[in-house]
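S.K.: Make the full structure from the sequences, and use the hints.
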Amino acid sequence: MRWLFIVLLCMEYAASRLFRKGVVHYAINKKDYDIHSQDEIISTLSQLRDEICVKFFYTPVNYNTNENDRILYINNPEKKKDCPPSIYNFSASVIDMPLGYKCLNKKDITRVIVDMLRASIEQNVSAINSYDLILKFHERDHDPSRPTLLSPSDRNFINAHYHEECSALAQRSIASRRQGSDPLQLSPANKEYYSDKLWPLGIVMFEIEEKLKKNIEYGILKYAMTVIESSSCVVFHEFQTDSILKPKNYLFFTSFGEEMPRIGFVNGMQTISLESMVRGSRGHNAHVLVNLMRTLGVHMMSNRFDRDKYIAVNWDRIEKGKEHYFEKAPAEAWVQMPYDFNSVTHAPAFYMCGECDPRYQTVTPLRDHLWAKTLLMGRNTELSDSDIRMLDLLYNNQCRARNDLISNDYNVDADNNPTLTKDEE
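Each residue of the sequence shown is one higher than the last, beginning at 1 in UniProt numbering.
What the hints contain is simulated information worked out from the structure, not anything from laboratory work. In this text, all values refer to a predicted model and were calculated from it rather than measured experimentally. For glycine and all other residues, C-beta sits at the position ideal for the given N, C-alpha and C. One thing to keep in mind: the hints can contain errors.
[What the hints assert, rightly or not] FRET-style restraints, in silico, Cβ to Cβ:
id: 1; residue 1: Pro188; residue 2: Leu405; range: 25 to 33 Å
id: 2; residue 1: Ser91; residue 2: Phe305; range: 39 to 47 Å
id: 3; residue 1: Lys102; residue 2: Phe239; range: 48 to 56 Å
id: 4; residue 1: Asp108; residue 2: Glu355; range: 38 to 46 Å
id: 5; residue 1: Lys80; residue 2: Leu184; range: 51 to 59 Å
id: 6; residue 1: Asp196; residue 2: Ile87; range: 30 to 38 Å
id: 7; residue 1: Thr271; residue 2: Arg367; range: 41 to 49 Å
[What the hints assert, rightly or not] In silico DSBU-like pairs for lysine-lysine, Cα to Cα no more than 30 Å straight-line:
id: 8; residue 1: Lys322; residue 2: Lys246
id: 9; residue 1: Lys309; residue 2: Lys30
id: 10; residue 1: Lys197; residue 2: Lys246
id: 11; residue 1: Lys246; residue 2: Lys81
id: 12; residue 1: Lys320; residue 2: Lys309
id: 13; residue 1: Lys30; residue 2: Lys191
id: 14; residue 1: Lys222; residue 2: Lys211
id: 15; residue 1: Lys328; residue 2: Lys309
M.R.: Next up, the structure:
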């Protein structure tokens, strides 16, 4: 029995080395590489994504990933020139992958990535045997007319060992109604998921860099906030830099910073680029509204966990480095409302497009008669009924607590969360 326990433990350890769902979130230390080198890394990983089932998602600093996901951190702290074999710690949340300066070309980057993926596969117990591998992936001879980065043996080896994880990414989710539950109420799973993503009292504090207040983007941002405030109980409150009482948790819009806010409430200050917040996706008029809803904890409709029943995402047409904005939200974020192409949070057909050509949509609706859905999605600049219901479900209690606080029924704790001072009636 003891021997069996050790074997099972080793099997679990080996399986845990694989990247979950075949998705490798990676980040690049920008201090170690110039813009050209960063682009070479990103473009190589984008090309590899088309050759194997494993997907590489560029992950900006502080981007929200699932707690079970690991980050591949590409860096060169010792300023090395070459790329000697590395030992990877797959039990850590951040996996270091040094890349020397002489290795900043597609061939060597591919070699290092293959070595890393092979290291994640070592001792894995779920590998397909060689006969099944050939049947499933059909070994192909090299075709000079279609240059690739990977050899057929490397490609098939990686696909064979990652087939289950990759299938989990591509598998269509089945959305089933929770029996006996009110569709207009949050389920226990919903409440747990959103418990740390809501702004206390439904108030979002923000500050604008003074020199940007004359820019047109400032007016667009303020208007978008008004659109949300007029359809929900949420309040966006701007404070001045010289305010006596400066909030601890707030958004700071400046001329530099992150492309988008993180999902939901975050402790401390978030520094966000105002330009990117408003105009971060070409031709997307509702981009600022999408980002404000994101701030409030609402995922994009087109990132729903069951989206594969409604749309297709064309990964090869997405701008390099933007793939992570198309990742599915967890099932716990779904609140039992029907899929809504009219939602202000739905991506347009050319969302984050690489080549914004009418022939190359990044998001394609399924069963789209006469392009009706294509022309609808991503064009709404007002909250749809489902958007309004979503905000009401999430923020009803927070806003009620705010109103009761005014009536002295509530106090706030050190983290600005409402605490009841008398029994609810």
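S.K.: Take the hints in turn and mark each one as holding or not.
M.R.: Outcome of the hint check:
1. About 26 Å separates the C-beta atoms of Pro188 and Leu405, a value consistent with the hinted range of 25 to 33 Å.
2. A C-beta distance of roughly 27 Å is found between Ser91 and Phe305, which places it outside the suggested range of 39 to 47 Å.
3. For Lys102 and Phe239, the hinted distance range of 48 to 56 Å is satisfied, since their beta carbons lie about 50 Å from each other.
4. A C-beta distance of roughly 27 Å is found between Asp108 and Glu355, which places it outside the suggested range of 38 to 46 Å.
5. Lys80 and Leu184 have their C-beta atoms about 58 Å apart, which keeps the hinted 51 to 59 Å range intact.
6. The hint said 30 to 38 Å for the Cβ distance between Asp196 and Ile87, and at roughly 35 Å that hint holds.
7. Against the hinted window of 41 to 49 Å, the Cβ-Cβ separation of Thr271 and Arg367 comes to about 42 Å, which satisfies the hint.
8. Of the pairs offered as hints, the one joining Lys322 and Lys246 is violated, with about 34 Å between alpha carbons and a cut-off of 30 Å exceeded.
9. Among the hinted pairs, Lys309 with Lys30 is inconsistent with the structure: their alpha-carbon atoms are about 38 Å apart, more than 30 Å.
10. This hinted pair checks out: Lys197 and Lys246 have alpha carbons roughly 21 Å apart, not beyond 30 Å.
11. With a C-alpha separation of about 47 Å, the suggested pair Lys246 and Lys81 falls outside the 30 Å cut-off, and the hint is violated.
12. This hinted pair checks out: Lys320 and Lys309 have alpha carbons roughly 25 Å apart, not beyond 30 Å.
13. Restraint check: the Cα-Cα separation between Lys30 and Lys191 comes to about 37 Å, which exceeds 30 Å; the hinted pair is violated.
14. For the hint linking Lys222 to Lys211, the alpha-carbon distance of about 16 Å falls within 30 Å, and the restraint holds.
15. At roughly 13 Å between alpha-carbon atoms, Lys328 and Lys309 fall within 30 Å of each other, so this suggested pair holds.
Against the hints set out earlier in the document, violations occur for numbers 2, 4, 8, 9, 11 and 13.
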